[in-house]
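2 protein chains.
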Amino acid sequence: MAKDFPSRAENYAQWYNDLVIKADLAENSAVRGCMVIKPYGYAIWEKMQAALDDMFKKTGHVNAYFPLFIPKSFFSREASHVEGFAKECAVVTHYRLKNDPEGKGIVVDEEAKLEEELIIRPTSETIIWDTYRNWIQSYRDLPLLINQWANVVRWEMRTRLFLRTAEFLWQEGHTAHATKEEAIEETERMLDVYSDFAENWMALPVLKGFKSPNERFAGALETYCIEALMQDGKALQAGTSHFLGQNFAKAFDVKFLNQSNQLEYVWATSWGVSTRLIGGLIMAHSDDNGLVLPPKLAPLQVVIVPIYKLPEQLAAITEKAVQIKNALEEKGISVKYDDRDTFKPGWKFNEYEFKGVPVRLAIGPRDLENGTVEVARRDTLEKAVFQITDIENKVINLLDKIQKNLFQKAYAFRENNTHQVDSWEEFCDVIENKAGFISAHWDGTPETEQKIKEETKATIRVIPLDAKTEHGKCVYSGKPSTKRVIFARAY
Amino acid sequence: MAKDFPSRAENYAQWYNDLVIKADLAENSAVRGCMVIKPYGYAIWEKMQAALDDMFKKTGHVNAYFPLFIPKSFFSREASHVEGFAKECAVVTHYRLKNDPEGKGIVVDEEAKLEEELIIRPTSETIIWDTYRNWIQSYRDLPLLINQWANVVRWEMRTRLFLRTAEFLWQEGHTAHATKEEAIEETERMLDVYSDFAENWMALPVLKGFKSPNERFAGALETYCIEALMQDGKALQAGTSHFLGQNFAKAFDVKFLNQSNQLEYVWATSWGVSTRLIGGLIMAHSDDNGLVLPPKLAPLQVVIVPIYKLPEQLAAITEKAVQIKNALEEKGISVKYDDRDTFKPGWKFNEYEFKGVPVRLAIGPRDLENGTVEVARRDTLEKAVFQITDIENKVINLLDKIQKNLFQKAYAFRENNTHQVDSWEEFCDVIENKAGFISAHWDGTPETEQKIKEETKATIRVIPLDAKTEHGKCVYSGKPSTKRVIFARAY
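For the record, the sequence lines run as chains A and B.
Residue numbers for the first sequence follow our numbering, so the first one is 15 and each next one is one higher.
Residue numbers for the second sequence follow our numbering, so the first one is 15 and each next one is one higher.
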């Protein structure tokens with residue numbers, strides 16, 4: 015395995031790409047822009063799914079499944095949605111192939127042309143709200159709290175494993191409500207679920223807030239987001255929750271009889287996170303030795319490696335190792351005992367370090383004599399010798415410590431890389447020479463935001479929910495502003 | 015809710031369709047041939063997924079994810095595969111839409127035509143074996159035991175909710191092995207997993223065996239299947255496990271260095287079950303009163319309904335009901351306490367009966383006095399009065415009894431509807447007048463099978479693994495035969 019890949023300082027983009035590929039998380043496929051998620055990467059996604067699905071269910075949501083295909087005309091119904099989504103997409107035009115009459119394999123059968131083209135869903139608001147029309151008649155049918163786990167396709171020109179791919183996996187919640195207040199409450203509830211997941215499962219501190227109108231979801235009245243900072247000082251949008259108002263209800267004619275027996279349009283939200291989170295997880299914590307995974311999402315949490323010269327030593331070590339493994343597994347920890355004799359301990363140490371396994375235990379003959387185990391933690395690379403008594407609880411405590419430490423470390427990194435900036439010169443200097451989050455005043459206009467983007471490639475990542483009211487001047491235009499927003503270059 | 019749908023005897027096909035729609039399991043979507051799986055139906059799928067996924071992992075498999083799109087040319091590589099799968103499929107030809115220059119919505123941008131068309135996967139052997147080429151070099155890389163949960167598309171002309179839809183959800187296992195024996199062993203292992211799942215989770219007895227060459231998977235050397243009998247006497251193929259030999263390895267040039275350092279083609283299997291199983295579940299157990307669900311797959315296992323006239327009665331009943339609910343939930347049973355005052359108990363009884371909830375508890379004031387609960391089971395529609403002491407264990411026992419009873423009932427039905435037939439007249443008579451499985455001798459030729467199909471619409475469903483050697487004459491041709499096979503009309 016070994017470190018035949020650049021360090022973060024040498025080439026961050028290459029470091030990331032090599033890490034994803036060499037650690038067997040994902041790879042590019044034969045289909046342009048589409049990735050293959052390999053078993054080790056998919057195991058992280060399964061852990062994310064399980065945790066999120068549980069949180070969705072605890073907040074009253076149920077899962078359902080809607081078609082992959084969306085009739086082209088559906089996109090034209092919601093004016094801003096079509097601009098945002100219907101352009102770069104996969105279009106199904108035919109439903110049959112036939113043998114080439116000239117004998118060259120198979121060709122599209124022109125007689126099997128669809129009357130209306132079908133779009134592979136880039137997001138499912140349109141098909142879902144077309145369906146909701148039949149599900150909602152009265153206030154008694156509301157709220158509808160539905161989530162879908164699915165694949166979606168956006169024909170991206172420049173792709174990057176996990177972070178931006180033509181096809182990706184995600185969940186999309188689509189809820190329907192009787193009142194505006196309830197819909198906004200739902201939008202905010204799901205933002206909280208996402209930030210809870212990011213911070214407590216991914217060990218990833220996030221800023222919660224609004225997107226500026228320029229960055230809003232196509233069709234939303236308000237887009238809430240969680241925004242994280244990566245180690246190269248670029249921002250990653252990690253999840254969004256949209257208050258859609260009555261836009262989709264109007265576009266698809268979804269009305270309900272309210273308690274006063276009047277017909278009203280239904281209020282909507284949608285919210286989603288995707289396999290992009292795996293990219294964020296990697297970029298937030300990993301280092302020049304390889305992956306660093308938070309224990310709560312690591313497919314393998316503990317590895318045990320025997321150190322021995324003679325076969326009879328191995329037998330005695332194995333007995334002890336299996337005891338520890340069983341004790342940990344009983345507590346719900348995933349453990350591998352790697353007693354392969356085809357690899358040396360040093361090779362195994364490197365391998366599991368590279369794969370980001372949070373805790374490594376090594377047991378040798380002297381440990382057996384002394385009743386000890388060597389314990390190495392992946393986050394700090396520190397080693398210690400533990401007494402073997404009650405080792406399972408010590409390891410569980412250590413996993414918990416690692417989880418918290420990763421969060422603290424990422425939090426400190428963000429704090430150290432958030433710059434309060436009050437002049438345009440400073441803004442440009444920070445963007446060019448330091449990167450990170452810039453907290454600055456903005457005059458609230460899309461024009462200024464656009465100009466800042468053109469000049470620096472920085473965008474408004476988030477207008478924090480907890481931004482203090484503070485009188486200042488826009489860092490670009492000098493016009494008055496009442497609060498700071500967060501700028502950064504972003505993935 | 016109520017019974018505004020035909021009985022099975024009146025119109026089986028309509029009974030099925032109405033049941034699926036009125037019980038909120040699924041519905042047809044705006045996209046031809048595609049269904050919307052509604053929350054109640056999806057909850058059954060989630061339970062199926064959880065049980066199957068656990069069984070796959072216990073037999074050493076891991077999950078991964080491969081692209082939705084398959085380049086058209088991949089299908090031409092395996093000769094019989096292309097005949098079976100590449101014809102009726104969704105073809106992506108373009109990757110962009112644009113505003114109609116004439117102002118009529120959006121149109122396909124002809125400048126964004128793909129160089130090579132992409133097919134929405136109807137099954138993933140081709141894209142997966144193209145990927146495996148890079149993953150497999152030596153015998154040390156084998157076996158590869160990978161499963162994928164995914165959506166697939168087959169452009170079916172006549173569709174039926176769950177049983178046959180253009181898009182459906184499934185799992186597809188794709189494994190790679192160093193030897194033929196190992197691959198066959200895997201094929202048989204997964205057949206056993208499927209029959210275990212069908213019988214112990216779905217309460218659905220299945221015959222295990224081979225498909226005839228005519229009915230084999232396109233590209234397989236041998237297709238194993240589990241075959242079930244529905245209440246109308248038609249067969250349902252419930253799962254298949256394919257031994258693919260070296261066909262896909264040869265088509266995609268996947269070789270490995272064996273232990274003797276020689277290059278060999280890799281051996282393959284694939285196996286899958288789909289949302290079709292939900293259709294089979296419904297058709298096997300449900301009755302003229304609505305759904306009947308086996309407890310192990312029922313989204314809601316127990317419902318508690320209070321019977322009262324006065325509010326103070328409700329309070330006392332609620333206290334008891336919540337106790338029971340908590341006690342059952344602690345044991346992992348899903349329970350709903352339905353204390354809505356907008357519906358009468360009778361309405362609720364009908365509703366939960368219709369939805370197939372296995373056990374209903376009713377508690378009234380007299381029950382409180384007597385320390386009793388009224389218990390109704392969905393499978394037999396029997397009611398009994400239970401002493402409330404230790405009620406949770408009594409209910410759990412009852413759920414177990416229901417699970418077993420459903421299996422026994424379906425098993426007895428299959429036994430009563432399997433006809434041993436030795437003449438062509440009898441064969442035609444049974445097919446026309448009795449339906450069910452026909453156990454008959456067959457001369458082993460595709461020609462005879464084809465003729466029987468043309469004359470009766472019956473096909474060979476399965477050549478049972480446990481078929482006795484028995485000398486007989488083909489029921490159609492009179493030629494010699496050494497074992498009986500199972501014929502039926504099928505879904």
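The hints are simulated quantities; they were obtained by calculation from the structure and are not laboratory data.
Computed from a predicted structure; not experimentally measured.
Any given hint might turn out to be false.
For identical chains, the list gives no copy identity; a pair is met inside one copy or between any two copies.
With a Cα cut of at most 35 Å, we get these calculated DSBU-like pairs of lysine-lysine [what the hints assert, rightly or not]:
1. 415 / 465
2. 194 / 482
3. 112 / 467
4. 465 / 71
5. 350 / 448
6. 415 / 71
7. 118 / 269
8. 112 / 36
9. 408 / 487
10. 118 / 467
11. 323 / 72
Homomeric proximity label, residue 112 with residue 36: Cα distance no greater than 35 Å: This pair counts as neither: shortest intra-copy Cα distance 40 Å, inter-copy 39 Å.
Up to 35 Å CA-CA - residue 487 versus residue 408, copy category: neither (53 Å within a copy, 72 Å between copies)
Alpha-carbon proximity context of residue 112 and residue 467, limit 35 Å: Cα proximity of residue 112 and residue 467: across copies only (26 Å, versus 49 Å in one copy).
Identical-chain pair category, residue 465 with residue 71, by Cα at 35 Å: neither (43 Å within a copy, 53 Å between copies)
Up to 35 Å CA-CA - residue 72 versus residue 323, copy category: Result: close only across copies, 33 Å inter versus 52 Å intra.
Intra- versus inter-copy proximity for residue 448 and residue 350 (alpha-carbon distance at most 35 Å): For residue 350 and residue 448, the Cα distance exceeds 35 Å both inside one copy (41 Å) and across copies (56 Å).
Up to 35 Å CA-CA - residue 71 versus residue 415, copy category: The answer is both: 28 Å in one copy and 29 Å across copies each meet 35 Å.
Same-copy or cross-copy closeness of residue 194 to residue 482 [CA-CA at most 35 Å]: within (26 Å within a copy, 69 Å between copies)
Homomeric proximity label, residue 415 with residue 465: Cα distance no greater than 35 Å: neither (45 Å within a copy, 71 Å between copies)
Copy assignment of residue 118 with residue 467, given that the CA separation must stay at most 35 Å: between (50 Å within a copy, 33 Å between copies)
Homo-oligomer pair classification [residue 269, residue 118; C-alpha up to 35 Å]: between (54 Å within a copy, 27 Å between copies)
Checked against the numbered hints above, the structure breaks hints 1, 4, 5, 8 and 9 and satisfies the rest.
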